[in-house]
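Asks: Residue numbers (this note's numbering), protein chains in the order written: chain W, 65 to 539; chain Z, 65 to 539.
There could be a bad hint or two in this list.
Since the list gives no way to pick out one identical chain from another, each pair is judged satisfied if it fits inside one copy or across any two copies.
Taking lysine-lysine pairs in the BS3-like style, the calculated list, with each CA pair at most 30 Å apart, reads [as the list claims (entries may be wrong)]: (1) 194 with 105; (2) 433 with 171; (3) 285 with 105; (4) 449 with 105; (5) 388 with 105; (6) 433 with 330; (7) 417 with 105; (8) 474 with 330; (9) 171 with 105; (10) 105 with 330; (11) 526 with 388; (12) 433 with 474; (13) 433 with 105; (14) 449 with 474; (15) 449 with 330; (16) 474 with 417; (17) 388 with 433.
Hints in this document: simulated from the structure, not taken from any laboratory.
There are 2 protein chains.
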Amino acid sequence: MLQFPLLLDQSDGPLYQRLYRALVQQIRCGTLSAGTRLPGKRTLSSELGISVNTVDTAYQMLAAEGYVESRPRSGFVVLPFIQEFPTTRTSSVPDAAPQPAPEKNWKFDLRTGSVDADLFPFRTWGRIQKELLYSSPQLLTYGAPQGDENLRAALAHYLAAYRGVQCVPDQIVVGAGLEYLLGLLAPLLSGVCAVEDPGYSSTRHILENSGLPCCAVPVDKYGLSAQALEQSGANLCYITPSHQFPTGVTMSAPRRAALLAWAAQKPDRYLLEDDFDAEFRFDQKPLPSLQGMAGADGAVVYLSTVSRSLAPSIRLAYMVLPQKLLPRWKSRYGNYANTVSRFEQQTFCRFIKDGYFTRHLARTRNTCKHRRDALVSALQTAFGKNTIQLNGIHTGLHLLLTLPNGPDEKTMVCTAAAAGVRLAGLASYYHTTPAQCPAHTVVLGYGSLSESAAPALAALLKEAWSQPSVSSLNS
Amino acid sequence: MLQFPLLLDQSDGPLYQRLYRALVQQIRCGTLSAGTRLPGKRTLSSELGISVNTVDTAYQMLAAEGYVESRPRSGFVVLPFIQEFPTTRTSSVPDAAPQPAPEKNWKFDLRTGSVDADLFPFRTWGRIQKELLYSSPQLLTYGAPQGDENLRAALAHYLAAYRGVQCVPDQIVVGAGLEYLLGLLAPLLSGVCAVEDPGYSSTRHILENSGLPCCAVPVDKYGLSAQALEQSGANLCYITPSHQFPTGVTMSAPRRAALLAWAAQKPDRYLLEDDFDAEFRFDQKPLPSLQGMAGADGAVVYLSTVSRSLAPSIRLAYMVLPQKLLPRWKSRYGNYANTVSRFEQQTFCRFIKDGYFTRHLARTRNTCKHRRDALVSALQTAFGKNTIQLNGIHTGLHLLLTLPNGPDEKTMVCTAAAAGVRLAGLASYYHTTPAQCPAHTVVLGYGSLSESAAPALAALLKEAWSQPSVSSLNS
Numbered sequence: 065m066l067q068f069p070l071l072l073d074q075s076d077g078p079l080y081q082r083l084y085r086a087l088v089q090q091i092r093c094g095t096l097s098a099g100t101r102l103p104g105k106r107t108l109s110s111e112l113g114i115s116v117n118t119v120d121t122a123y124q125m126l127a128a129e130g131y132v133e134s135r136p137r138s139g140f141v142v143l144p145f146i147q148e149f150p151t152t153r154t155s156s157v158p159d160a161a162p163q164p165a166p167e168k169n170w171k172f173d174l175r176t177g178s179v180d181a182d183l184f185p186f187r188t189w190g191r192i193q194k195e196l197l198y199s200s201p202q203l204l205t206y207g208a209p210q211g212d213e214n215l216r217a218a219l220a221h222y223l224a225a226y227r228g229v230q231c232v233p234d235q236i237v238v239g240a241g242l243e244y245l246l247g248l249l250a251p252l253l254s255g256v257c258a259v260e261d262p263g264y265s266s267t268r269h270i271l272e273n274s275g276l277p278c279c280a281v282p283v284d285k286y287g288l289s290a291q292a293l294e295q296s297g298a299n300l301c302y303i304t305p306s307h308q309f310p311t312g313v314t315m316s317a318p319r320r321a322a323l324l325a326w327a328a329q330k331p332d333r334y335l336l337e338d339d340f341d342a343e344f345r346f347d348q349k350p351l352p353s354l355q356g357m358a359g360a361d362g363a364v365v366y367l368s369t370v371s372r373s374l375a376p377s378i379r380l381a382y383m384v385l386p387q388k389l390l391p392r393w394k395s396r397y398g399n400y401a402n403t404v405s406r407f408e409q410q411t412f413c414r415f416i417k418d419g420y421f422t423r424h425l426a427r428t429r430n431t432c433k434h435r436r437d438a439l440v441s442a443l444q445t446a447f448g449k450n451t452i453q454l455n456g457i458h459t460g461l462h463l464l465l466t467l468p469n470g471p472d473e474k475t476m477v478c479t480a481a482a483a484g485v486r487l488a489g490l491a492s493y494y495h496t497t498p499a500q501c502p503a504h505t506v507v508l509g510y511g512s513l514s515e516s517a518a519p520a521l522a523a524l525l526k527e528a529w530s531q532p533s534v535s536s537l538n539s
Numbered sequence: 065m066l067q068f069p070l071l072l073d074q075s076d077g078p079l080y081q082r083l084y085r086a087l088v089q090q091i092r093c094g095t096l097s098a099g100t101r102l103p104g105k106r107t108l109s110s111e112l113g114i115s116v117n118t119v120d121t122a123y124q125m126l127a128a129e130g131y132v133e134s135r136p137r138s139g140f141v142v143l144p145f146i147q148e149f150p151t152t153r154t155s156s157v158p159d160a161a162p163q164p165a166p167e168k169n170w171k172f173d174l175r176t177g178s179v180d181a182d183l184f185p186f187r188t189w190g191r192i193q194k195e196l197l198y199s200s201p202q203l204l205t206y207g208a209p210q211g212d213e214n215l216r217a218a219l220a221h222y223l224a225a226y227r228g229v230q231c232v233p234d235q236i237v238v239g240a241g242l243e244y245l246l247g248l249l250a251p252l253l254s255g256v257c258a259v260e261d262p263g264y265s266s267t268r269h270i271l272e273n274s275g276l277p278c279c280a281v282p283v284d285k286y287g288l289s290a291q292a293l294e295q296s297g298a299n300l301c302y303i304t305p306s307h308q309f310p311t312g313v314t315m316s317a318p319r320r321a322a323l324l325a326w327a328a329q330k331p332d333r334y335l336l337e338d339d340f341d342a343e344f345r346f347d348q349k350p351l352p353s354l355q356g357m358a359g360a361d362g363a364v365v366y367l368s369t370v371s372r373s374l375a376p377s378i379r380l381a382y383m384v385l386p387q388k389l390l391p392r393w394k395s396r397y398g399n400y401a402n403t404v405s406r407f408e409q410q411t412f413c414r415f416i417k418d419g420y421f422t423r424h425l426a427r428t429r430n431t432c433k434h435r436r437d438a439l440v441s442a443l444q445t446a447f448g449k450n451t452i453q454l455n456g457i458h459t460g461l462h463l464l465l466t467l468p469n470g471p472d473e474k475t476m477v478c479t480a481a482a483a484g485v486r487l488a489g490l491a492s493y494y495h496t497t498p499a500q501c502p503a504h505t506v507v508l509g510y511g512s513l514s515e516s517a518a519p520a521l522a523a524l525l526k527e528a529w530s531q532p533s534v535s536s537l538n539s
């Protein structure tokens, strides 16, 4: 329960922020454990001698950041604080506190969005950037709304060669992140959008924010099925066919064909294909994109980003629109300024055209394959081959670990956290059907896990998950 | 009228693009003059032996880019091709054509968004960028959703010192351009938004695209009046009080006070203050921002950008939210990834903190003041002091030129273009009341016009506007 005296820090920020920070601290250090009800707003306001509005603002901030949730007739209830991790694709760092509580010092960070700075091509990127800055003053002006022409031409060429995407540069839109592009795309479409369950909660959030109601459709071991999609009544479908997030399933060819047939049945049907980490396929030749199977005027919008292939902080994503959506796009956004710095657009363009991108991908893919091999091998050694199940291991940069006879998922996450390992449970990615979630399963992102560290990680997890009782962690 | 044979180029792009390019070329070279009706879609489709859809797509593209407009019962009508210039704040380069018709070779480009590459601090910017790239691998990861904490702290400090803005860093949101920020802001508000008439058509377009209906309220010589605003029934108001775009009016202090009083009357009223070029005030001390007059929890959203102060291609804008909008912001966008590259955020942060930004602004302001002086003096010399009126000259980087006894505005624009001077007429910025537009008036952006070139420009304009008849230009 809430510990008094509630110590507000002495900063000169607004009172609601200081209250917010004090509450965050109690949640993070476990004083306020999961399931605890926060005091009523009026109660706390009179106890602290501050206004109800101030308390309400602090509570709303906690709710917005997932520390608490508002429940009917219970008021605000504290959520397990590990819950802040799942949306690692966007930011996982709460930004509200000017002086945030210190981050826990993790031994291993296995969130799925983690990147390894050692793999970033600093030297080449820096050299191109510098050359462009001094040689290209014309890059100071506004560029083309959809992105610089030569970058789109380079992307069209790259996507055709490596992902089988069929398009002309005019179909490509470059923008500051996938979320931004989804936000622009949504108003061009109408109806209901199916999202994968489990899947990215942030994608659903963005689509709904942008006016497209969503419904969740379950993913099985072949991916999302056209039959389930048909039954859902949706006319749009957001999917990650190359490497379903988070289950790691690669959608089977018959399923792909069935989805394309579904999309072709009615003119307002579209598939939104998020191909975010297809570059990291280790063991088989990657399947071509759905977009490529559908063709340049098929009903597929292809989306991808450099967040995984280069770095999340370089805000550059791209989308390939079907030709029939282009007039709608141009009429709505034809005079919007592009959102990506032209210096970064041109740096990336040169990086692709001079062959650095494919070389960088090959090198990174190779490194990540070794990391995957090392992790799989270390886990099998530590737990025993028949004790654990590993899924979604053929494409990068995360896999699923199931421990059929181990503790429940929540305990797995909490004990791992106690041992210094940051990871997420699979259930936290389910929108509406957590009951269908395979039990005892966690998601391990290994994008930034070195080969040599894998045995130590596996040993830590083995020890954490072998303890008889750990349910006292949050009490 | 349309000239046959309509020569489609031999590129391998889609047919609609080749048709689009052929039509653009005829419009640009004047074969298709303003006012001409395009052939009906069915007519053209059967004449060319192509599908009606292809013709329609090409026509829609032309309409989206402002080459033609669709009129009831007339079909598509060609607009004066000079009309593509006004929205220079965003891009003025049509992006649809993979091989666009060559741009006219302008002797002088007086569009308002033009920048002078010579003023950009290449050396300092490049050095900081390089240092950060090699020293800060942590910048590869996702940053905070509202923007990096230290950048927001630096902005809060800068805005307080130079624009009288009152805020804490937590109220600041950094994003990839003003348009992007407006698009996020609009769904947090509701009701009807008044926009200035004349004003930015792109702002209105974005607000309406984002679900906020707009109405236009006239600007007089003191700015927009609270009385007119009250009568409009709007509860939101987008304004450029420091330097109204395009009239150049600085809103008077009583008008400011009246607007703030208007906003304070009802809880759903907000002023959206766009302070885009307030850094360029030459002759008097700048008035503090409306936001500063209203206070940190007043009903003002403050918006600004580095498009004028650094370069439009560096996609970095910022907005200061009233505290009461913060919970709504965080609940809707709390887990959106920020859209600005962290390397650029940090480069700009260091640029501010190390004092380069204020020095750069002082230097640029000084240069632009000399340019303004040179332009004003050259125009007065060429035309005679009593023959022309110059307005909006105290704040940068554009002014209005009226030639009371000169040709009409459209002729002024066309003859200037024929003489190699690219500029826009004032009427093109009017949303709904072009009848109220002062006659014979054009907008001259001098951000990239060197002092030494001013006399030659003035002489060119004098000659162009002294010719007896020029109405044959478009025929």
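Asks: Going back to the hint list, which numbers does this structure go against?
Replies: Violated hints (numbers, rising): 1, 3, 4, 6, 7, 8, 9, 11, 13, 15, 16, 17; every other hint is consistent with the structure.
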